[in-house]
Amino acid sequence: MNILTLLVLIPVLTMVVVLFTKDYKGARLASAIGMGIELIATVYLVLAYLAARKTGMMHEMLFTSDFMWYPSLNIHFAFGVDGIAVAMIGLTSIVIFAGIFASWELQFLTKEFFVSLILLVTAVYGFFISLDLFTMFLFYELALIPMYLLIGLWGTGPKEKSAMKLTLMLMAGSALIMVGILGLYYNSAPGGGPLTFNIIEISKISIPVAAQRFFFPFAFVGFGILGALFPFHTWSPDGHASAPTAVSMLHAGVLMKLGGYGCFRVAMFLMPQAAQEMAWIFIILTTISVVYGAFSAIWQTDLKFINAYSSVSHCGLVIFALLMMNETAMDGAILQMISHGLMTALFFALIGMIYGRTHTRDIRQMGGLMKVIPFLAVVYMIAGFASLGLPGLSGFVAEMTVFVGSFQHQDMFHRVVTVIVASSIVITAVYILKVVGVLLLGPLKDQHHADLEDAKWYEKLSTVTLVLAVAAIGIAPLWLSDTIVASLKPIVARLAMVIPF
Amino acid sequence: MTGYTYTVFIILIPLVMFLVTGLLGMKWKPIISGLLGTIGMGTSWTLSLITAASYFFGHHAEGFQTIIPFEMKWLQFTDSLIIKMGILLDPISVMMLVVITTISFMVHLYSIGYMHGEVGFQRFYAFLSLFTFSMLGLVIATNIFQMYIFWELVGVSSFLLIGFYYQKPSAVAASKKAFIVTRFADLGFLIGILILSFITGTFDFGKLTEPGTAIFGSAASMSFMGISAMTWAMTLIFIGGAGKSAMFPLHIWLPDAMEGPTPVSALIHAATMVVAGVFLVARMFPVIHFQAPAAQEIIGYVGGFTSLFAAVIAITQYDIKRVLAFSTLSQLGYMMLALGVSGYGGEEGLGYMASMFHLFTHAMFKALLFLGAGSIIHAVHSNNMYDMGGLRKYLPITHITFLIACLTIAGVPFLSGFFSKDEILVAALHHNKLLFAVEFIVAGLTAFYMFRLYFCVFWGKDRHYHHTPHESPLTMTIPLMFLAVASVFAGYLPFTELVTSDKLGFESEMNYMVAVPSVLIGLLGIGLAWILYKKESEVPAKLAKSWGILYTATYNKFYFDEIYLFVTRKIIFNYISRPIAWFDRHIIDAFMVGIGLTTEKVSYKIKGMQSGQLQHYAFAFVAGTLALALSMIYLMM
Amino acid sequence: MFYLFSGIILICSLLSITTRRILRAAVYLLCVLLATAGLYFMLNYQFMAAVQLTLYAGGIVVLIIFSILLTHHISHRFQHPNLTKLIMGIGAATVGIGLVLTTILSHSFQAGTAPELPVDMTVIGNQLLSTGKNGYVLPFELISILLLAAMIAAIVVAKKEKNKNSEI
Amino acid sequence: MIQGIPLEHFLVVSTIMFFIGVCGFIIRRNLITMLMAIELILNSVNINFVVFNRYLYPDQLQGQFFSLFIVGIAAAEASVAIALIINIYRNVKNIEVENVNEMKF
Amino acid sequence: MDLGQFILMRHELLLTVAALAILVAEIFTSEKNKSKLINFALVLFALVTFIGFIPGETGNLFGGSFQSSQLTVFMKNVLNLAVLIVFLQAEGWLRKPENADKISEYFILTLSTLIGMNFMVSAGDFLIFYIGLETATIPIAGLAAFDKYKSESAEAGIKLILSSALSSGILLFGLSMIYGATGSIYFADIATKVAPNALIALGFVFFVSGMGFKISLVPFHFWTADVYEGAPINVTSYLSVVSKGAAAFIFTIVLFTVFKNIVELWKPMIYTLAIATMTIGNLFAMRQNNIKRFLAFSSIAQAGFILLGILGAGELGMTAIVYFVLVYVFTNLGAFGVVAAIHNASGVETISGYNGLYQTNPKLSWLMTISLFSLAGIPPIAGFFGKFFLFTAAAGSGYYILVLIAVLNATISLYYYLLVIKAIFIEKNEQPIPEFRSSNSMRIALVMCITGVLVTGFASGVFEYIRSISKLFLN
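Residue numbers (our numbering), protein chains in the order written: chain A, 1 to 501; chain B, 1 to 637; chain C, 1 to 168; chain D, 1 to 105; chain E, 1 to 475.
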């Protein structure tokens, strides 16, 4: 069986098994086993992919399979992965694995929780392996919807409102995407012949420029909303703040990446001319995103808000780098997606664990936690360091690749904005250290916190998985970076064919 | 390939120590970590010495070769922009290896005694190892990006060590400040690297510093805001260096960094990390000198100003570690200045050589001073000079070694500081009379404040100590003694032959025109301190009063901390971050929510349409039909 | 003659929607229907006219009058119509009349060229029972279903509940 | 055509009648009178069909038959409507249309 | 014409026979055994539905008055299926004592309207079309007033019959214009003679508004909410699904065949109506608390989406509409089924009454959720496919902005569907609707709905089949 089909099937089967479990213990065990198998399958996929590339398989996509679904509209189940998709799948597997363990103690409607969570993940897998715009869109929307219940039922704070805001804003985004992909579809055969949703096939022709100009903003902004593109990012702080731990992890860690991934795989890859022409607008927006998100984070006092704004900033960097449209910067963008995915998941996991102990997320009410919960505190610090770009952790690799890549741009404008964007590393340091300083260091603020328990085994498992991943990328980035770059070549080549305006 | 492959272990050992103590340390008795770390460091030290010996005293007929015993690709950006991890051996890096491992080893050893019984002993050793690893990685970097990577790691280890007493708010604040200020400077460094790599397409020091290289071909035509690209690049890189080396105005973190344990101050904030900036400039020296002379000017002036500025402040401080910290600043200013006034090649490169020389000697005696100070603090449990006095009786070894260090830094002849400082003054005299004058004065000031410190602490009246101060244990005094010896004899190393700008040795003569006056002014400073502080007297207080505002300003470090606080707290937090956060919640988010609310409001507003009245419906029906018909017939056709 | 009928139609229909006595309204309606039948006679469509007379004038109006009697006192007078609705109604009617009349009057009708079909009962009868084109047996059957259904519907609605006593 | 009266005149009458019916439907307060207004409307439609048939397309009887069926359906409609009106009357004791607005918004 | 050709009319004939059989059975059942009629009718109708699916010949009868093609047969099958589900859902309600003496009437009235609809779908001339339309409407007024001692029900009946009379008056006026302009009532004849002139435009607009009433397009929709709210739930679901679906079918057929020559004329009009319908429907649905009224407005908004398919003006548009209606049948009946089940068990029909439903009736909650998500067009439920194809059809004609507006409207609709889901899952309630078990036939109906909703999208064969028969039909 095709490994990619397996990737989607495992979570589906897991859901079924979870549905038949009796109590919360069974449900979480089943989920953990399922996601564990998924993780193994992912590792297998990565190895198989690398092996296949090594043996010289030069196709853009590997492990492709193609089933006709709606013949009359030329809709297929077309699957396949390149290095980028493999990397994103890897990210997803790690985050969900950690996410399951981060919600180990959840006992309210556990079965439903895990089913929704795994449904969401299934959709994410589907999205990343899709080569057909239709199925891609299908999985995209599918990924958004369990979110409402996940936040609304298991969340905290003004959860209904946040869940609603998040769902609606993202669905509005998908409205734009819908227009975008329909536009692509109807322009996919300018020379006559059958229309197609297939990304690879569309990428072989060039969409008429007028159509590109019209549809590019739709597709780009549509995906951009999920990628927290300024000024459409406001769902993110509320949504993440209200979501339960695993959902925040998954949403910020993986789902937001759907946005960035879609931005380049659909909008930019398929409409290169328009992308070139309009890049500057979005570059300005993302520049604002990066700096603005970081500045906003400084002022926040809710841990999740801090992290959400930090995500705005980091995800802004993703799209920023994509728009630079050279190999290095885009490589950086993908690395940043993965890196941000891992570390933000780690952050949210930790925030959830801390919240579970102190019952507050307000940093003003906590302090000196290093003393009482050293394990969590140290891991939090590691996450913080990853976030502010400490070498040896993934954030550094990603950010540097972005900056170097962006700065190689021949245009002065691009270099100037790169400098502005690079300044975010200082602002990031400010808020990360502020949090670390207030939350973990210093004297213990609230005496009630004096006898908190440090991490349990499942919490350790959850966080250590993520830390290892973060560190692995940070220490040995070359294989990942090379894999991504190899897959980026056709995309960049297509973007570069166009002479910039 | 070249027989230097074992140098890998110099850097790997600390890394392994870090990982081992960091992950497993908590399960051991604390002392095991200390011993393990010290032994590991000792091994590294030995290896470094072997390396230095074989490098410097091996055959080098045509000057010293740059040797790269190990290199691997770490991350590839483009075809030519590749980050490699490797080891580069050339005179300055080998010298730095020796300096770092020596001081680090001493500090490891010293800390066994100093940190005895502290909570987090293992953590301390883990961080020390991490720091040493990073610092070593920095100096042996084969390319500027590798350097940047370790540069950042050094920064973070410094952060961790300053904040070692993490439950002390002041320590936390200091560590934060240190990190953020240096981070800000690193941004400059990073952008500098970006510009440099954009122009040259390479990170490799080998290619960048090769004399007469063609990679800057296109640089001349590039400029931004009227300043040439290379000047930008080098100035920005210098900003990075200035941050680490605490050059004015980025110096503010260093005095606060004294919140860390004293051995840390000795290792990081006196001997090794703070010279990273100097090292960076030295590493990039050919590029700066040939491609960005304007930047070199800046370096010279910044160095000069910092040394004067810091020396003036040092006079008024009474925290023993702070005095040393400002002294460090001042000395770092010296080194920077020396690089700023240096030429390239042979005699011309005197400043370069002098800078490295001073770096080396300074490392020894400043580490000694700090460790000595640590010994004192260990004895009296206070940092305040005025809590001390007459300690020479209680701490004989500390006293002697501290005196040697003070004499060395004051530039007393035949001690190492004399030689290196003298070379700097000579170099300055040749290139820039103004800077020479400044340094000349600073030499006097240095002698004065050091001896002010010395006399205050070891002479004068006894204070009321909680318990009788006693000499520190052997683990602490051995390093003191070793470093004292090093401080005395380091000046006799043939630096002019070993560490030069073009890697070719040259002969240099003692310039008595400079040496004699500088010795005199040094003695003047000592004499003045003798008069004022040997015995407790009212004179210093009166003098201080007579200077009035100027004294207060100096005492308060010219209010730079306050300015920074104002900029960060008020401007960044209150006037940028807060409005942005507000804007996000109340404008952007409110707008998005507003769309929803408006829809809902509209929904309520129009509910009257569905009045329940059949005839209203009928009217709507008819009116709708007619409107459609009207528009269809008269608009469409 | 035409203008007489037209006059009756227009005036009576106007009256039937304005009069404040409901029974009179029914009577005016009857007049309209009768006058319409007159028009059909004039057009030579006797069968149509007859149906109009019997079914419409005879059936529906009688039904209406019955229901009026069931639900009203004969002397019942309405209140004046609601002003808003009056404006709505008159406005809609005016605009509508204007629009439709301009359209109709500006249209040039093309008379069919095919020969005229004599309108007598045999033709009507044949067509009503014919199954080909222009045969109306299918609608005829269908309407019978409709009538049956309508009857049942009316019964369902109107019939008394067994265990409940209602006033009628 | 017939007696020299042009087609348009019939149409004018039927149109006015139609809209009088519409107007009546909107303004009358009583359900039965509204029903009467409906009858006016249907009647005017019938005239249209018949007249078109007679004047323009006398080759077939489509218009006439259409009218015929309309009359039949009108009867059915009226009967159901009246049944419903009586039902309303039983429920609310009058048949003012303005009272029939329990459900709204 | 030979009798064998009656096979073309098999649906109509079978239904008539069924209706008569029920009538006869009613006469021969004793008072006590009236409720057995329900079983009889259900089995009978299931049989009819099943027979309807047997493929048969296609062709025209009565000189073109009656047209039968695979597409119309399919449409009729869809309607039959929907009615079968409605019947199954109505079973519990009919068994209530207050309805004991109206059982056969319910079936007969429903079946006769279904016959009307079938004729309407097969109509080849405007006369059949019109009579079919009326047959499909007038008896429903009786059904709407079925709970005749509830004033809401009576009100629903009168509102329905009077507005429908007005609308058919206007529709007829339009038809008379068209007859005057083209000289025929046969679709085939008119199609060749229709030309873009003012009179035809006028007649056409009147025709559209008459049809708009049936499909409840804005501004012809006002009756919908009141009638849906007042009528018994099973009648409401019948109205909202079967009646609307049939109207949408015939409307599409007429526009695509009869008025295809003036397509450029009606596109802008449909465009406007589509926007108005979606938007107004959504805006009103947003703040409803009565679930029936809520679904009424939601179904208005859904009608707006159907118009997008009409704008597709071609094979794809036709396919998308038929497909959408099929999906809509399952989806909406699923939702109404849950509403009916809950109403039968507890009498609750407000959204706030559903608070905390999940605690007690998780299965129904999921059913409702899936149905609502399907209405909102969330994948991988069939509703998503239905909407997607409609949008694809509209986009195929270049109406991208309209598609955008439509999808944004779908987002608004998601908002209010989520409100219901929120009530069910999230809102706390001290006394939620107690746990209950609905009748078997209701269960069967719901299973049918949920299967349909979950399977239709994945089984592309359905879509492809509709596409092939639409192709046949339009060429």
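Everything labelled a hint here was simulated from the structure, so no lab data went into it.
Fair warning: there could be bad hints in the mix.
In silico EDC-like cross-links for lysine to aspartate or glutamate, where the CA-CA straight-line distance does not exceed 16 Å [unchecked claim]:
| id | chain 1 | residue 1 | chain 2 | residue 2 |
| --- | --- | --- | --- | --- |
| 1 | B | Lys-607 | D | Glu-102 |
| 2 | D | Lys-104 | E | Glu-264 |
| 3 | B | Lys-84 | A | Glu-160 |
| 4 | A | Lys-161 | B | Asp-589 |
| 5 | E | Lys-428 | A | Asp-482 |
| 6 | E | Lys-150 | D | Asp-59 |
Tested hints:
no. : hint                    : verdict
1   : B:Lys-607 <-> D:Glu-102 : holds (15 Å)
2   : D:Lys-104 <-> E:Glu-264 : violated (37 Å)
3   : B:Lys-84 <-> A:Glu-160  : violated (50 Å)
4   : A:Lys-161 <-> B:Asp-589 : holds (13 Å)
5   : E:Lys-428 <-> A:Asp-482 : violated (53 Å)
6   : E:Lys-150 <-> D:Asp-59  : violated (52 Å)
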